[in-house]
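Peer 1: Kindly produce the complete structure, drawing on both the sequences and the hints.
Number of protein chains: 4
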Amino acid sequence: MNKENFKHLSQVRVRNYEVDWQGIVHNAIYLLYFEVARIEYLKELGLTIDMKSIQGSSRVVVARNEVNYRSSALFDELMNVFTRVSYINETSFAFEGLMEEALSGRLIAENVSVHVWLDPVTGAPVRVGEEFRGIIRRYEGGTVAIRGPLT
Amino acid sequence: MNKENFKHLSQVRVRNYEVDWQGIVHNAIYLLYFEVARIEYLKELGLTIDMKSIQGSSRVVVARNEVNYRSSALFDELMNVFTRVSYINETSFAFEGLMEEALSGRLIAENVSVHVWLDPVTGAPVRVGEEFRGIIRRYEGGTVAIRGPLT
Amino acid sequence: MNKENFKHLSQVRVRNYEVDWQGIVHNAIYLLYFEVARIEYLKELGLTIDMKSIQGSSRVVVARNEVNYRSSALFDELMNVFTRVSYINETSFAFEGLMEEALSGRLIAENVSVHVWLDPVTGAPVRVGEEFRGIIRRYEGGTVAIRGPLT
Amino acid sequence: MNKENFKHLSQVRVRNYEVDWQGIVHNAIYLLYFEVARIEYLKELGLTIDMKSIQGSSRVVVARNEVNYRSSALFDELMNVFTRVSYINETSFAFEGLMEEALSGRLIAENVSVHVWLDPVTGAPVRVGEEFRGIIRRYEGGTVAIRGPLT
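Residue numbers (the numbering used here), protein chains in the order written: chain A, 1 to 151; chain Z, 1 to 151; chain X, 1 to 151; chain V, 1 to 151.
Among the clues, some could well be false.
Identical chains blur together in the list; that is why a pair holds if it fits in one copy or across any two.
[Claimed, not checked] When the alpha-carbon atoms are kept at most 25 Å apart in a straight line, the in silico DMTMM-like pairs for lysine to aspartate or glutamate are as follows:
| id | residue 1 | residue 2 |
| --- | --- | --- |
| 1 | 43 | 100 |
| 2 | 3 | 66 |
| 3 | 3 | 20 |
| 4 | 43 | 101 |
Hints are computed from structural coordinates only; laboratory data are not their basis.
Peer 2: This is the structure we're talking about:
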């Protein structure tokens, strides 16, 4: 992943209880950091994530997660988490996340997560919402690949 | 992934606090289930994982995680988690995990995790230990691909 | 707390990711163990806890938690968690939990949690449900103090 | 607890994965918030908490936790967490924590945690360190009750 492709930056500081018995941040915790950053990204773009939207007229679930761990995050370190939507397909889209230690720029981890838009009643995949498409396209510009038959 | 390739089965029951505000198991929790199963696998094969080994003469870290979420795990459901070592390279090896709901056989998630053997002092990758190689080979038999120059 | 007062036993095994950087189970995790045991207790008594009940016609929240940590739980140890309802008041009730290491009987921790019955619409405390009172009374018998004007 | 007694303020924002299936922050998570604030408190006073100190010449463990939940914390709310050392005894000391929603001042929870100083080799309680006593006394001034024979 190339840092230059990202426009959005979040920061999280490593907390003591996220450090495991090996003395490094536990491997599942990085998923939480990337998720926190994704939610800040959506919030900044005006896409409200709250209890109402979570249980409302659309439902988005995670279909795939990929993490490459490049070096270990340590207690009290501040993380830069860069976030972008890398593509939007017919019924799914993907986020990319890039995490580095803020002071040294040391690469910590990379994440790709794929999200599927579901009908909240039937549970079947449905087309990614138009409002979402528009907002992402305006924010990401040419760097987001919009795929799928209807785009 | 093919269930027939797995010899090892663990079970975990979904706990209330693992269910998120969407009413389904949070996406990071599946990594924990797969890890619990890996540790039971190693324990059953006589490969002790404890504080001493964790901070001892070898150090194994997770280099990559991949999860495909096939359907949502729900509160109180019992999960079958199948685990195997799928390959051993020179300085790394991989686990595969397959999770299904125990009663219905509903596929929940698949995981591939890559682990790297590090020198605990220098942090540099070193050859996966011989004892580990032998034990895994004896258990997995022909189904584990042993790669790397010295095997 | 006196083990003789308890009729219900649950078991949990300490998982690797529950161990913190001090090499012992993190202090917040004990709350989770006690909660898992409470839910098994309720389930065994036929009091279903599920998404429907959680978001349904009554709503029970935790008002207070007290934990005394007697000794540290360690990786892979099996815990006996004893659970009882110790009293029921007009709008609240309390659980007691006693946790010991299963093999040695080493005392690990004690918990008192107080739960309040709320009206799901107004959020105001309401009388603890009659069905709940009856079921607990039948199970706990003379050992549960039933307090409050209408009991 | 009286907000006027506190000199130290930390802030934490509620993350999505801390919200449980009831739509409110899970009861064990509040312990984590209070702990994050305690560690910031110690850090600000120059008392380093890191892997070396955690596994070093002294060892401090949590002996007791008490939480009163006053109202539910909700997703994305910003919490003010006030922290103070309320007393130091011979071998133990206590923190108090007061948490309110930052914008409205709504009281969320109160915490008292008791910490015991242990000899890292024998595990027996030892006198709370002199440096620690001095630093806390200078910071808290007359509001901290210093108890125990040698103070």
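Peer 1: Pop the pair residue 3 and residue 66 into one bin, within, between, both or neither, using alpha-carbon distances up to 25 Å.
Peer 2: both (18 Å within a copy, 22 Å between copies)
Peer 1: Which holds for residue 43 with residue 101 at a C-alpha limit of 25 Å: within a copy, between copies, both or neither?
Peer 2: both (23 Å within a copy, 20 Å between copies)
Peer 1: Could you figure out if residue 43 and residue 100 sit no more than 25 Å apart (CA to CA) within one copy, between two copies, both or neither?
Peer 2: Cα proximity of residue 43 and residue 100: in one copy and across copies (22 Å, 23 Å).
Peer 1: Which holds for residue 3 with residue 20 at a C-alpha limit of 25 Å: within a copy, between copies, both or neither?
Peer 2: Intra 28 Å, inter 31 Å, cutoff 25 Å: neither.
When each numbered hint is compared with the structure, a violation occurs for hint 3 only.
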